[in-house]
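> The residues making up each chain are set out below.
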Amino acid sequence: MLANLIQPKVTPFLERLLQNCDDIHAALVVTVDGNMCAMQQKKDYTLERLATMGSSLMSLGDTITAELEMGACNNIISENEQGIVAFMHINDKLVLISITTRKNALGMLLSHSRICAQNMALEIGDL
Amino acid sequence: MKEIKLVFTGSMGAGKTTAISTISETPVINTDVITTDEVVQRKETTTVALDYGELSLDETQKLKLYGTPGQERFEYMWPILIKGALGLIILVDHASTDPLNDLALFVRYFKPYIEETATVIGVTRTDLGSGPSMQAYHDYLQKQGLQLPVFTVDARSREHVIIMLQALTAMVEFA
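From first to last, the protein sequence lines are chains A and B. Its first residue numbered 1, the first sequence is counted upward by one per residue in the numbering used here. Its first residue numbered 128, the second sequence is counted upward by one per residue in the numbering used here.
You may find that some hints are simply not true.
[Stated by the list, open to error] Derived contacts from chain A toward chain B, CB cut-off under 10 Å, selection only:
#1 ILE6
#2 ASP22
#3 ARG49
Just so you know, the hints here were simulated from the structure itself, not pulled from any lab data. In this text, a Cβ means the ideal position worked out from N, Cα and C, and glycines have one as well.
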């Protein structure tokens with residue numbers, strides 16, 4: 001199962017993401033078909049269902065951008081009363097989901113998450 | 128034009144995406160992604176959010192066809208998609224290891240909806256499996272206090288899918 005293979009490779013990246021950015025409170029890597037690979041968090045979220053929901057949302061994002069011929073879907077951002085959730089592709093099989101409870105931390109969330117996703121993609125290669 | 132929302136549900140690999148693609152007049156919107164777990168041995172892709180297509184029955188009626196993901200971990204999509212639907216099609220993969228159990232899962236989940244409005248059962252891939260008899264599906268439904276039409280369907284056959292939908296829309300009209 002891909003999720004089991006990926007878990008040890010991406011966990012150090014998630015740990016560093018949460019260490020390097022105080023504003024990020026949780027991050028997880030999931031497969032595009034909704035299996036949890038790895039997660040790190042500073043709070044006590046239940047993230048299993050979010051893993052599956054993230055795959056649905058990312059796929060809808062890809063479908064919408066394809067419909068509009070806007071190229072690849074880079075991010076999906078959910079801005080909420082009590083925080084922000086960002087979804088982005090790591091590669092064609094994996095999605096990074098990152099969460100902040102600070103409403104004004106969108107820039108930090110996206111920039112740190114994007115760098116983390118790129119580094120993970122390099123580490124994972126063609127797996 | 129009168130629009131009727133119908134929802135295709137059922138276990139993974141039962142043919143929901145195929146059935147909608149077979150009959151839709153518009154390019155089907157789908158959210159299929161590659162499978163990365165043990166399912167890959169059976170299927171290369173799986174629906175993770177929804178399928179959507181459209182079919183005009185005549186100049187006055189258009190069917191809006193929604194497909195749900197089949198895997199249970201996506202069950203949060205099921206109530207979202209069933210909202211406002213006037214008919215439900217439960218597809219059962221006859222060649223799966225336990226098709227009656229697959230049917231039971233969806234009947235259990237959608238029971239409040241089934242009791243309120245029109246539902247049909249479509250049994251697919253009957254050429255591939257030595258599953259239960261058609262009578263066994265009827266018997267199961269009867270035990271649940273349900274009297275629903277059960278069709279043998281090839282999801283790749285436009286004729287098969289249309290016949291099933293005609294039965295369903297007739298039930299919608301007389302409900």
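> If a hint holds in the structure, say so; if it doesn't, say that too.
Here's how the hints hold up against the structure:
no.: 1; hint: ILE6; result: holds, 9 Å
no.: 2; hint: ASP22; result: violated, 31 Å
no.: 3; hint: ARG49; result: holds, 7 Å
Of the numbered hints listed earlier, the single one contradicted by the structure is hint 2.
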